[in-house]
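Engineer: Given next are the chains, with one letter for each unit.
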Amino acid sequence: MTRIAVTSEGPSLDDRVDPRFGRAAGFLVVDLETMDIQYIDNGQSQVMAQGAGIKAAQLVARAGVSCLLTGYVGPKAFQALAAVGIKVGQNLEGLTVRQAMERYKSGLVEMASGANQAGR
Amino acid sequence: MLEIIIISGKGGTGKTSLTGAFAHLAANKIICDLDVDAPDLHLLLHPARERQEEFFSGHEALIDLEKCDGCGLCASMCQFGAIRENGDGAFAVDPLGCEGCKVCVAFCPVEAIRFPEKHCGQWYVSSTRFGPLVHAQLFPGEENSGRLVMVLKQQAREMAKTRGADLVLCDGAPGIGCPVISSLSGAHLAVAVTEPTPSGRHDLERVADLCRHFQTAMAVIINKHDLNPEETSRIEAFCRDGGYPVPARLPHDLLITRAMIQGLVVTELPETTFSRDLRQAWARIEELAGLRR
Amino acid sequence: MIFAVASGKGGTGKTTVTASLATVWDAPLVAVDLDVEEPNLHLFLQPCIDGRETAHLTVPVVDKAKCTHCGACSDLCQFSAITVMGQLILTFPEMCHGCGGCFAVCPEKALSPGRRELGEITWGRAGRVDFLSGRLRVGEAMSPPLMRRVKASLEQRLAAQGGDAVIDAPPGVSCPAVTAVLDSDVILLVTEPTPFGFYDFQLAWEAFRTLGKPLGAVVNRAGLGHDAVYGFCREKELPILAEIPYDRAIAEAYARGRIIAGISPGLQETFVSLLGKMRDLARQSPPRKAAHA
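Residue numbers (my numbering), protein chains in the order written: chain A, 527 to 646; chain B, 119 to 411; chain C, 51 to 343.
If you are wondering where the hints come from, they were derived from the structure by calculation, not from laboratory data.
Among the clues, some could well be false.
To give a feel for the contact side, a few chain C residues facing chain B, derived at Cβ under 10 Å [what the hints assert, rightly or not]:
hint: 1; residue: 94
hint: 2; residue: 147
hint: 3; residue: 204
hint: 4; residue: 246
hint: 5; residue: 301
hint: 6; residue: 302
Straight-line C-alpha distance at most 30 Å; calculated DSS-like pairs for lysine-lysine [stated by the list, open to error]:
hint: 7; chain 1: B; residue 1: 185; chain 2: A; residue 2: 613
hint: 8; chain 1: C; residue 1: 116; chain 2: A; residue 2: 613
hint: 9; chain 1: C; residue 1: 114; chain 2: A; residue 2: 613
What you are looking at is a predicted structure, and each value in this text was computed from that prediction instead of being measured.
Virtual Cβ for every residue (Gly too), placed ideally from N, Cα, C.
Isolated chain A, as found in the complex (with noise of 0.2 Å):
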């Protein structure tokens, strides 16, 4: 059973990839197996004044995922995200979740080493 989960700026799978990961609108968690889709939304780590990607890591590992397709990540989220042995997928802006899960059944998407984005 493989579920990945999708920053994304609303519920559906036709929305945009949110390009953040600590703060996005939320996260589309997709089971590969069956296509049932999962809205998680992350106002809770949006509104932190510092953290919110460590929040949104926890929020995304409790989702029982063991990918993560986004935009960008910071170094600290990434860190938490690799700890629990979560891949991450990142650069995939600009893509619908749709297209972008597309891409990673495919193979197409190369999982990231590190983050790829500076911290703060």
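Place chains B and C on chain A using the hints.
Structural biologist: For chains B and C alone, coordinates are given in the frame of chain A:
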């Protein structure tokens, strides 16, 4: 799209005045005032506000006086000295001292403490005679965690993308703390404005350390260089040793203040050696940042 | 009595004024540099340093054997400095604000105190004046934790030996500036008569007047031409305690590290008079409270 940020370790070196002039000289850019604590760029650019957003960040503790039974546990647990007796048998949180940590909220035996989001400031998207300006004002006394700086940078970058601008030009904050660190994030070039005074050089060294720490390329402008030629030489030696280019050495000239008082930038006044030096400096900065091919 | 020297805008002359006051002070004095991001007071007072110590913030260290991953710490932490991710617990010491909440809430006593280096505290003497300063480690984002350590050291000294303190505060009006002036008896606001100086001066007045302490203004570089500050001070009944004229000779002397009270008898008298007026203002201050719970 490139991002250039004008910083200074020490305040009062002329950072904002020079940023204003560069905003005049640069083509096709989004201007951003990241000194959200004491923003001054708007005093030169006279922005027409097109959009205003409220900025909420973190939380603050508020004690409900009806529920408080005066036990004082909150005050004893607060590591920031922000809770004191209010003289009426209850306790009150000093909003200026509250760090928003939630400890008092969590431990109050009678659940008398609320934890609302903090309305910390406002940010704006405006138009100016030099182009779009993204700026903000933190309410006095608020925490300057750097988050508002990130919000502004994000906005400026998005605007640069949609409008096809190839530069985001930022007026940074003084010092080396949170807001400056946030300002440097993702910047291609930091231009540090310094002055040949003991404080100027000392603070330049710290800001250079910070740029090195965060791997941001740095160039240096020595302003008011004629106030102390020996100190200017020392700064130049420091820059040579560190490999920091010096796009300009500007004299102390009340022209900057005269322009400011008229609500103009220096390069809008009749041409002088000073403004010519500034034009050359900007050309050099563009080269260093990779804006000129 | 503790006097804080602050300003909205950087570079208006806080350190200049603090150093000059220190040289004319007529009673035992501790001169304190709380501008921990860019401490400059030592460049003018040239103290002999008697001691230095590294200041740390207490941060949580997890005993993984005792931790049950209940998440109580993680749920409480407002700064994501300690996070439970499934069966893992992660700490990010650089995010910690030192609130102590995680230690207090852990049901398994699985957290022990570790430390993060904040910076350095130094102390010594400059002539008749005691000197105390903080210097933030480059890369450390927050100044208030180090500032609080320096303030605690000041309180100890004053409790032991009595006398006054004059504090060189950081510029701006956000939390570092507020932290510096919070426990003082009188706040001096230094400004310059330029549009930037006036705008930031208004912000500072807005921020600091809520603290309920007597406020006085010092106009540095008087004569630069933007005189709105005088009308403002009259309107708000904010006394102008001193004016230092704009003079290129003063600027050059400052650039050479000279304390301006020592430049001429006239300037010395300006600061002697300023001290007298500060003491008058202090008489309006409510009696100091003992350190609270």
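Engineer: Kindly indicate which numbered hints from before are broken by the structure, ordering the numbers from low to high.
Structural biologist: Of the numbered hints, 3, 7 do not hold.
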